[in-house]
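Peer 1: Each chain, written out:
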Amino acid sequence: MAAITMKDIVKQYGDGFLAVKGVSLDIADGEFVILVGPSGCGKSTLLRMIVGLEDITAGEMTIGGKRVNEKAPRDRKLAMVFQNYALYPHLTVFENIAFPLRLQKGKFTEAQIKEKVEFAARTLELQDHLDRKPANLSGGQRQRVAMGRAIVRDAEAFLFDEPLSNLDAKLRGQMRTEIARMQRKMGTTTVYVTHDQTEAMTLGDRVAVLRKGELQQVASPRGLYEQPRNLFVAGFIGSPPMNFLPGEVVDGRSLRLPFADIPLTPELSAKLRGKSLVIVGLRPEHFEDAALLEPAKRSQGVEFAAPIDVTEWLGSELYAYIPFDTNPDVAGKLEELDRDLDGEGLRTQLIVALDSESKIRDGDQAPLWFDPARAMIFDPESGENLTWNADAARRIDEENEADRKASLERAHAREAASA
Amino acid sequence: MKQLSTRAKWAWAFITIVVIVYALLPVLSIFATSFKLPSQLNLGTFWPKTWTWTNYEEILSPNGSAQTLFLSSLRNSVGICLIATAIAVVLATLAAYAIARLDFPGKRIVLLTALGVSVFPVVSIVTPLFNLWRQIGLYDTWLGLIIPYLSLTLPISIWTLAAFFRQIPWELEQAAQVDGATTWQAFRKAIVPLAAPGVFTTALIAFFIAWNDFVYGISLTSTDAARPVPAALAFFTGASQFEEPTGSISAAAIIVTIPVVILVLLFQRQIVSGLTQGAVKG
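From first to last, the protein sequence lines are chains C and F.
If you use this note's numbering, the first sequence corresponds to residues 1 to 419, in order.
If you use this note's numbering, the second sequence corresponds to residues 1 to 282, in order.
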């Protein structure tokens, strides 16, 4: 087990393409860090540089305090789970898991190998399949064999490259929990690459959001959700994604959105001085059906009548879609953001997630409500979050770190008790 | 795969039988002829009236009329075909590896040239080759056949192997390196076991192509020094000038078919590959 540090890591390919543009990131011993971003953001390249399958163009990478830039993959003692599992098709499940042990010639006796492989197989519930070839396994089983091969040896760190993307939704959920449980239990430093923000939010102690080879923000999942640094992070984290609306600054005191006006605090209006147009971010889950609210709460927020286009009832929630026209100045910016987020450039619409009790139906002119204090305001040029609160962000991450340490200690205590 | 209905099963069985009969009846006919007495060749029966080893004695026993001719040509065929196959497979493996894994300028041209070479009809090349070989002393030598056989076998070997190598999950090499293997170990333990069936199949195909050649064999040789079996068969004579050599030719044909059948039976599992299944997402 070891800490991994990256200092100004750059990756430039032979054709001049800059895949990673100076990323610095410290991963603590035993930490579970997610690298997340849309396709082409450099997350997989970064992971492959950690493991040594890609050369590092510039910068310094250390594992356990030692520089590894020049080391071959085999000398870095890392275990990696590939997206396509990369199982050896000519070997049985047993031999696949034993493969890394057998490569360390003379270090283990046959009996030790058997014991270790069987332990890994029991952990992953593969003990009935040890004699089978990968071709005869289901997707989930192959995935577990790949994990078995990673945990069988004492690796300094686990690296996962989109390990769940080939599984169906139900299995993905199960394996996600399994990976989280295993990592807590073993306490091994883990770097996990994904483009799925749900995986990023649920698995990681910390999440590093990448865009076009640049680090956008590194924070706890809650930190990213509540205090995103910029438009990109705000749009990437959260499902359904955050709504972005054009906001016109009206005589420095309020913002005019397509459906409603919101008042500005003196502090904010100071920040917005000189700007006439901003982008306002509102999360779908922060909207309510005004008809369901108590009068006291209703009066504290902003209420507006919205022409509902389509509704989707999901049992636990009701999604309503409300199309709107954007100011052409903002439309370009939002389209570019949508492309960055792997979007299809569809029409601009407001998505709201309401209580499933809501009686709002397709075609209604319905009263909706939101708390303007939860609105985020972004600079349309730089995309910077003008409502970002450094103190709040630090507090969230500190709490998160305390939680992580506490749960790690509990896991160790349980381990000690059972041993 | 969905279950076939009874009618479809019968239809398939019928078609299969037709194909088998069509393909194997000539072989069976040659087999039967090889056991006929030279005097009974024209009786018009399918099976021999009296079964005899005479024809095999003619080509194999020391005092048989075609023994020298057959055995020397068999030696030539085996030798020339093995050497040509070995060279073709080594060259094709290197070429196909480069085509499958590396990006280099002119990759398409190499592939298309290989294809272009193989579409020239053999008869259009053989006459100039005959003249050239006589002038530079390759006429009636092993090398004089190995070179044209390479031109026959290389294109198809390169194409087959390139297609095969493209399907190999090369990620395994990296997985093995992360698991602690050296570059060489990764290649030997993760890639070679997957590539071997493809190389082997290609070798068999190349060998059969060379083994079956007749035009080069008869045009570029004149003596026992290099004449391969298919060409030698045409020079068989009967035990006396009044006997037809059909029986001996059939016997020789059966003998040269045996190694092919044995090879295919032995290695049919490797030929029908499918070993790469399951390495990556199915």
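There could be a bad hint or two in this list.
To be verified - The calculated label-pair distances, taken between Cβ atoms and stated as ranges, are:
| no. | chain 1 | residue 1 | chain 2 | residue 2 | range |
| --- | --- | --- | --- | --- | --- |
| 1 | F | Leu-28 | C | Gln-127 | 52 to 60 Å |
| 2 | C | Val-10 | F | Ala-163 | 49 to 57 Å |
| 3 | C | Tyr-13 | F | Val-192 | 40 to 48 Å |
| 4 | C | Gln-127 | F | Leu-112 | 48 to 56 Å |
| 5 | C | Glu-125 | F | Val-110 | 47 to 55 Å |
| 6 | F | Leu-112 | C | Ser-24 | 43 to 51 Å |
| 7 | C | Gly-16 | F | Ala-163 | 29 to 37 Å |
Claimed, not checked - Facing chain C, according to a computed beta carbon distance under 10 Å, are these residues of chain F, among others:
| no. | residue |
| --- | --- |
| 8 | Ala-8 |
| 9 | Gly-106 |
| 10 | Arg-108 |
| 11 | Leu-194 |
Keep in mind that the hints were calculated from the coordinates and are not lab data.
For glycine and all other residues, C-beta sits at the position ideal for the given N, C-alpha and C.
Peer 1: In ascending order, which of the hints set out earlier in this document are inconsistent with the structure?
Peer 2: 2, 3, 8, 9, 10
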